[in-house]
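Residue strings, one per chain:
There are 2 protein chains.
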Amino acid sequence: MYEQLRKYILPELIPSGTRVMVAVSGGPDSMALSHLLWRYTQEESSRGVSIVLTHVHHGVRRESDAEAVMVQDMAKKWNVPCLVHRFNAKRYAESMGQSFQEAAREWRYARWKEDMLKEGCSLLATAHHLGDQAETILYRLLRGSGTAGLAGMYPSKGSIIRPLLSFTKADILNYCAREAVPYALDDSNQEPVYVRNRIRLELLPELERSYNSRIQETLGRTGELLRWDEEYITRQVKAAWDQYHYQDSQGTICLKLDVFKEPAAILSRLLRKAAMQVTQEPRGLGFTYVAMIMAAQGKPGWSQDLPGMRVKLTDEGLQFCRSHIDAGQKALNYKIPLVIGQSVEIPGSGMVISLLKEWNLSSVNSHTKRENKIAVFSSDLLTQVSKQSLVCRTRQEGDKMWFKGVGHKSLKKVFQEAKIADDARNRIPLIADEAEVLWIPGVRQSGLYRADNEDEKIVCILTSRIGRSI
Amino acid sequence: MYEQLRKYILPELIPSGTRVMVAVSGGPDSMALSHLLWRYTQEESSRGVSIVLTHVHHGVRRESDAEAVMVQDMAKKWNVPCLVHRFNAKRYAESMGQSFQEAAREWRYARWKEDMLKEGCSLLATAHHLGDQAETILYRLLRGSGTAGLAGMYPSKGSIIRPLLSFTKADILNYCAREAVPYALDDSNQEPVYVRNRIRLELLPELERSYNSRIQETLGRTGELLRWDEEYITRQVKAAWDQYHYQDSQGTICLKLDVFKEPAAILSRLLRKAAMQVTQEPRGLGFTYVAMIMAAQGKPGWSQDLPGMRVKLTDEGLQFCRSHIDAGQKALNYKIPLVIGQSVEIPGSGMVISLLKEWNLSSVNSHTKRENKIAVFSSDLLTQVSKQSLVCRTRQEGDKMWFKGVGHKSLKKVFQEAKIADDARNRIPLIADEAEVLWIPGVRQSGLYRADNEDEKIVCILTSRIGRSI
Numbered sequence: 001m002y003e004q005l006r007k008y009i010l011p012e013l014i015p016s017g018t019r020v021m022v023a024v025s026g027g028p029d030s031m032a033l034s035h036l037l038w039r040y041t042q043e044e045s046s047r048g049v050s051i052v053l054t055h056v057h058h059g060v061r062r063e064s065d066a067e068a069v070m071v072q073d074m075a076k077k078w079n080v081p082c083l084v085h086r087f088n089a090k091r092y093a094e095s096m097g098q099s100f101q102e103a104a105r106e107w108r109y110a111r112w113k114e115d116m117l118k119e120g121c122s123l124l125a126t127a128h129h130l131g132d133q134a135e136t137i138l139y140r141l142l143r144g145s146g147t148a149g150l151a152g153m154y155p156s157k158g159s160i161i162r163p164l165l166s167f168t169k170a171d172i173l174n175y176c177a178r179e180a181v182p183y184a185l186d187d188s189n190q191e192p193v194y195v196r197n198r199i200r201l202e203l204l205p206e207l208e209r210s211y212n213s214r215i216q217e218t219l220g221r222t223g224e225l226l227r228w229d230e231e232y233i234t235r236q237v238k239a240a241w242d243q244y245h246y247q248d249s250q251g252t253i254c255l256k257l258d259v260f261k262e263p264a265a266i267l268s269r270l271l272r273k274a275a276m277q278v279t280q281e282p283r284g285l286g287f288t289y290v291a292m293i294m295a296a297q298g299k300p301g302w303s304q305d306l307p308g309m310r311v312k313l314t315d316e317g318l319q320f321c322r323s324h325i326d327a328g329q330k331a332l333n334y335k336i337p338l339v340i341g342q343s344v345e346i347p348g349s350g351m352v353i354s355l356l357k358e359w360n361l362s363s364v365n366s367h368t369k370r371e372n373k374i375a376v377f378s379s380d381l382l383t384q385v386s387k388q389s390l391v392c393r394t395r396q397e398g399d400k401m402w403f404k405g406v407g408h409k410s411l412k413k414v415f416q417e418a419k420i421a422d423d424a425r426n427r428i429p430l431i432a433d434e435a436e437v438l439w440i441p442g443v444r445q446s447g448l449y450r451a452d453n454e455d456e457k458i459v460c461i462l463t464s465r466i467g468r469s470i
Numbered sequence: 001m002y003e004q005l006r007k008y009i010l011p012e013l014i015p016s017g018t019r020v021m022v023a024v025s026g027g028p029d030s031m032a033l034s035h036l037l038w039r040y041t042q043e044e045s046s047r048g049v050s051i052v053l054t055h056v057h058h059g060v061r062r063e064s065d066a067e068a069v070m071v072q073d074m075a076k077k078w079n080v081p082c083l084v085h086r087f088n089a090k091r092y093a094e095s096m097g098q099s100f101q102e103a104a105r106e107w108r109y110a111r112w113k114e115d116m117l118k119e120g121c122s123l124l125a126t127a128h129h130l131g132d133q134a135e136t137i138l139y140r141l142l143r144g145s146g147t148a149g150l151a152g153m154y155p156s157k158g159s160i161i162r163p164l165l166s167f168t169k170a171d172i173l174n175y176c177a178r179e180a181v182p183y184a185l186d187d188s189n190q191e192p193v194y195v196r197n198r199i200r201l202e203l204l205p206e207l208e209r210s211y212n213s214r215i216q217e218t219l220g221r222t223g224e225l226l227r228w229d230e231e232y233i234t235r236q237v238k239a240a241w242d243q244y245h246y247q248d249s250q251g252t253i254c255l256k257l258d259v260f261k262e263p264a265a266i267l268s269r270l271l272r273k274a275a276m277q278v279t280q281e282p283r284g285l286g287f288t289y290v291a292m293i294m295a296a297q298g299k300p301g302w303s304q305d306l307p308g309m310r311v312k313l314t315d316e317g318l319q320f321c322r323s324h325i326d327a328g329q330k331a332l333n334y335k336i337p338l339v340i341g342q343s344v345e346i347p348g349s350g351m352v353i354s355l356l357k358e359w360n361l362s363s364v365n366s367h368t369k370r371e372n373k374i375a376v377f378s379s380d381l382l383t384q385v386s387k388q389s390l391v392c393r394t395r396q397e398g399d400k401m402w403f404k405g406v407g408h409k410s411l412k413k414v415f416q417e418a419k420i421a422d423d424a425r426n427r428i429p430l431i432a433d434e435a436e437v438l439w440i441p442g443v444r445q446s447g448l449y450r451a452d453n454e455d456e457k458i459v460c461i462l463t464s465r466i467g468r469s470i
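As you go down the protein sequences, you meet chains V and S in turn.
So for the first sequence, UniProt numbering puts the first residue at 1; every next one is plus one.
So for the second sequence, UniProt numbering puts the first residue at 1; every next one is plus one.
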């Protein structure tokens with residue numbers, strides 16, 4: 001393992017004379033990584049590479065103290081600097097409304113960035129291995145991803161390097177045993193609660209047993225092939241971006257009309273890039289929205305509100321303008337086709353609307369939040385949906401709903417009866433077919449297409465984005 | 001479903017005036033497809049689209065007769081031609097040494113090609129649906145694949161169209177029930193014996209239950225994104241191919257030296273394309289070999305035998321020459337690094353060599369053939385392997401092997417004792433480290449690095465290519 005790193009991997013990842021910050025949790029992966037890198041600094045001293053260790057004491061487990069001491073002792077023995085940060089991530093997570101893991105991760109990276117500046121390190125080494133890579137690729141595949149996501153983690157990207165990315169956990173444990181590297185086991189990684197843990201502890205072993213005994217290597221290789229493709233396309237997109245985009249004084253991003261001549265691989269990425277620059281949403285623009293904008297080609301005047309922005313097609317090109325929904329005043333205007341089995345985010349609401357067949361309902365219920373708002377429709381709606389006329393949209397002039405024994409009511413009347421404030425009425429998403437409104441989520445479902453017991457049912461669900469499961 | 005096909009999908013897939021051959025097994029998918037296409041020819045008669053049905057009577061199941069009658073009756077009712085082919089694929093498969101499914105599939109496509117010519121059809125419609133697409137993508141992911149494979153099946157490629165690719169099995173069954181379309185159920189698809197059936201019947205439902213209730217749609221979408229990328233890169237590769245390749249009078253394909261300046265996404269595909277043109281092997285060149293040729297950059301004089309061809313780096317460029325091993329005379333010359341957890345095909349032998357850790361052995365045994373040839377090495381070899389010095393190669397001047405209590409013997413002596421014919425000696429693959437030969441598969445293992453009971457073990461296995469599992 002050391003020989004492979006010394007000969008082939010580390011010279012590629014670490015330029016001579018570099019000072020490298022090593023993130024050490026105290027587990028076998030990061031302890032082995034530290035040991036390997038330290039050997040490299042000693043045995044290849046002519047390269048002038050040096051290391052600094054950094055450790056985060058999470059303060060939630062009893063073993064945390066002992067781990068910090070173990071890391072510090074090792075650093076002292078090797079005579080390398082070791083920074084230790086103490087942090088109660090749990091309290092932090094509660095106060096920020098994030099998950100523990102997310103919060104801890106963000107906080108760690110922020111500290112490491114500071115440490116690197118302070119210690120003059122230009123690279124940060126993390127101990128991700130082939131098992132982590134396989135898990136990441138499967139996780140992204142299950143959640144939905146394109147080439148960029150399925151490419152997995154990069155051995156080197158920006159200032160982060162992952163020297164162990166092509167080695168298995170077994171290689172690492174074997175190295176620790178052979179070189180008598182001490183380590184602590186992190187129990188929280190052994191609980192199949194988080195989706196990623198379940199992938200690691202249940203799905204990957206099952207795939208290994210029943211489908212491909214070398215699944216980790218296979219996925220790692222797929223990641224490498226896709227990385228080649230993504231790197232190539234990214235370079236092409238960069239050139240295309242310079243060619244097509246310009247920005248006006250209000251921060252609106254425009255793409256020239258010619259952009260539609262680009263093949264889908266390039267066009268879709270340019271749209272995502274424009275959206276990300278406007279909304280600052282790192283997750284980017286979902287597939288449904290990308291496809292919607294692509295379909296706007298040749299329809300000048302087309303305009304659509306999407307989460308965090310409004311997209312317009314003018315004679316000059318595609319405009320991406322930031323929406324200022326924080327003010328709560330500006331009327332939204334969107335019309336999003338709904339497809340059975342798919343979910344879309346509703347602009348300006350942080351909510352997601354899903355259209356599902358009844359038989360998928362059990363699995364959804366277990367994942368989504370209790371406060372779901374649900375409407376159940378009959379199979380007659382199926383005909384509507386397959387004509388693609390069912391939409392989630394904002395209020396329109398003349399909107400009405402039909403109720404049994406009553407007939408049609410204006411939407412205004414329905415809102416009045418439900419005591420919905422005037423300024424909220426223009427922002428509530430509506431589910432409608434071509435003719436009229438079928439459901440105001442959280443307010444009222446019309447009498448049209450209501451399911452009776454014998455029908456095959458379709459279910460429309462409103463969830464908060466946070467509660468979205470993979 | 002019909003409305004979506006009529007409005008958005010079929011006009012894209014079928015040009016006006018086209019005669020379409022529809023492959024009908026008699027199952028729900030192909031019966032629904034026939035019905036949908038027939039409706040389209042009737043309701044959109046101005047487009048001048050017509051259909052012809054073709055059915056293969058496999059003659060292995062009792063229900064086969066009834067299915068053929070059902071398809072013919074439907075065709076008669078609609079007044080469209082219906083071709084029926086009768087074939088005992090099982091006997092065919094036995095005589096050809098292929099699996100039943102492979103043989104049947106090849107035979108079917110050959111018949112359809114003939115039928116299309118005979119009936120003047122320019123398109124063949126198959127009934128693959130979203131479930132098939134998800135299964136295909138997972139199958140390829142588990143077997144190992146890049147962008148091209150993970151892109152899944154195409155809705156339209158060459159003369160094949162797949163109109164139902166974005167619909168689920170449930171959509172299809174629902175359509176059959178609603179329109180009273182008769183169909184037969186194919187029981188052989190319900191047995192989780194074949195890997196693909198296991199993916200459909202076990203893995204996909206498990207992923208749907210535990211990870212993503214919309215996994216089919218998610219995978220279908222991933223396929224679409226990757227298809228965009230693959231189509232784009234394929235176009236770039238086509239241009240690069242014209243720029244770099246030339247062919248000499250002996251059929252050798254050459255790529256100009258500059259080809260190494262291309263990014264990995266393009267270079268790897270050019271290498272695969274050159275190899276495929278020389279060997280006619282539709283599966284293409286494995287990752288290991290692609291990486292090997294890529295690593296030859298800057299080493300003029302480098303040469304390597306690979307399955308079905310020899311690749312040479314000269315001052316002018318990379319040469320891919322077909323090897324004529326059929327003659328059995330020409331000496332081979334290859335040296336392939338072995339990596340733990342990986343398998344490589346041995347040039348000119350139709351055999352595969354795998355290097356595995358002991359704990360993977362159980363899963364391998366169940367998959368591979370009984371006639372495996374196996375050598376077991378001790379953990380000392382691990383050190384050799386991690387130095388990347390273990391290779392599978394052809395015989396070299398001065399080759400020797402070490403035996404306990406005897407010392408070194410020349411390879412010639414070992415061959416003589418084992419009564420290996422002279423002309424075979426240059427073709428038998430050898431497993432060796434940098435200094436000497438460790439194992440002649442099927443002949444003898446040396447005394448070096450032999451495992452004793454306490455060691456962690458590495459296993460080297462020789463299998464035939466046919467017996468290769470996913």
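Since the hints were derived computationally from the structure, they do not count as laboratory data.
One should not assume that every hint holds.
Identical copies go unnamed one by one, so any copy, or any two together, can satisfy a pair.
[What the hints assert, rightly or not] Capping the alpha-carbon separation at 20 Å, the derived lysine to aspartate or glutamate pairs in EDC-like fashion look like this:
1. K113 with E417
2. K273 with E43
3. K412 with D315
4. K77 with D433
5. K7 with E119
6. K357 with E208
7. K7 with E231
8. K400 with E417
9. K7 with D422
10. K157 with E224
11. K261 with E397
12. K261 with E12
13. K238 with E262
14. K299 with E12
15. K7 with E206
16. K373 with E114
17. K7 with E434
18. K404 with D422
19. K312 with E206
20. K299 with E262
21. K7 with D433
22. K400 with D248
23. K7 with E417
24. K400 with E281
25. K373 with E43
Outcome of the hint check:
With identical chains, the CA atoms of K113 and E417 are never at most 20 Å apart, being 55 Å at best within one copy and 66 Å at best between copies. For the homomeric pair K273 and E43, neither the shortest alpha-carbon distance inside one copy (44 Å) nor that between copies (43 Å) is at most 20 Å. Proximity of K412 and D315 under a CA criterion of 20 Å is satisfied in neither setting, with 36 Å inside one chain copy and 80 Å between copies. Taking the shortest alpha-carbon separations for K77 and D433, neither the intra-copy value of 71 Å nor the inter-copy value of 36 Å comes in at or below 20 Å.
Taking CA atoms no more than 20 Å apart as the test, K7 paired with E119 passes in neither setting, with 27 Å inside one copy and 63 Å between copies. In this homomeric assembly, K357 and E208 come within 20 Å of each other (Cα to Cα) only across copies, at 14 Å, whereas the closest approach inside a single copy is 32 Å. For the identical chains of this complex, K7 and E231 are neighbours neither inside a copy (25 Å) nor across copies (37 Å), given an alpha-carbon limit of 20 Å. Taking the shortest alpha-carbon separations for K400 and E417, only the intra-copy value of 14 Å comes in at or below 20 Å, while the best inter-copy value is 95 Å.
Proximity of K7 to D422 under the C-alpha cut-off of 20 Å is found in neither arrangement, the shortest distances being 70 Å within a copy and 39 Å between copies. When the C-alpha separation of K157 and E224 is checked against a cutoff of 20 Å, the pair qualifies only within one copy, where the shortest distance is 14 Å, while the shortest distance between copies is 27 Å. Neither within a single protomer nor between protomers do K261 and E397 lie at most 20 Å apart by alpha-carbon distance, with minima of 36 Å and 60 Å respectively. Taking CA atoms no more than 20 Å apart as the test, K261 paired with E12 passes between copies only; the shortest distance there is 18 Å, against 39 Å inside one copy.
Taking CA atoms no more than 20 Å apart as the test, K238 paired with E262 passes in both settings, with 13 Å inside one copy and 17 Å between copies. In this assembly of identical chains, K299 and E12 lie within 20 Å of each other by CA distance solely across copies; the values are 19 Å between and 49 Å within a copy. Proximity of K7 to E206 under the C-alpha cut-off of 20 Å is found in neither arrangement, the shortest distances being 34 Å within a copy and 43 Å between copies. In this assembly of identical chains, the alpha carbons of K373 and E114 never lie at most 20 Å apart, being 43 Å within a copy and 56 Å across copies at closest.
Proximity of K7 to E434 under the C-alpha cut-off of 20 Å is restricted to the inter-copy arrangement: shortest distance 16 Å between copies versus 66 Å within a copy. Taking the shortest Cα distances, K404 and D422 never come within 20 Å of each other, neither inside one copy (26 Å) nor across copies (93 Å). Proximity of K312 to E206 under the C-alpha cut-off of 20 Å is found in neither arrangement, the shortest distances being 48 Å within a copy and 42 Å between copies. Only within a single protomer do K299 and E262 lie at most 20 Å apart by alpha-carbon distance; the minimum there is 17 Å, versus 38 Å between protomers.
Taking the shortest Cα distances, K7 and D433 sit within 20 Å of each other only across copies (17 Å), while inside one copy they are farther apart (64 Å). For the identical chains of this complex, K400 and D248 are neighbours neither inside a copy (40 Å) nor across copies (75 Å), given an alpha-carbon limit of 20 Å. Taking the shortest Cα distances, K7 and E417 never come within 20 Å of each other, neither inside one copy (75 Å) nor across copies (40 Å). Taking identical chains as interchangeable, the C-alpha atoms of K400 and E281 are never at most 20 Å apart, the minima being 35 Å within one chain and 64 Å between chains.
Taking the shortest Cα distances, K373 and E43 never come within 20 Å of each other, neither inside one copy (63 Å) nor across copies (40 Å).
Checked against the numbered hints above, the structure violates hints 1, 2, 3, 4, 5, 7, 9, 11, 15, 16, 18, 19, 22, 23, 24 and 25; every other hint is satisfied.
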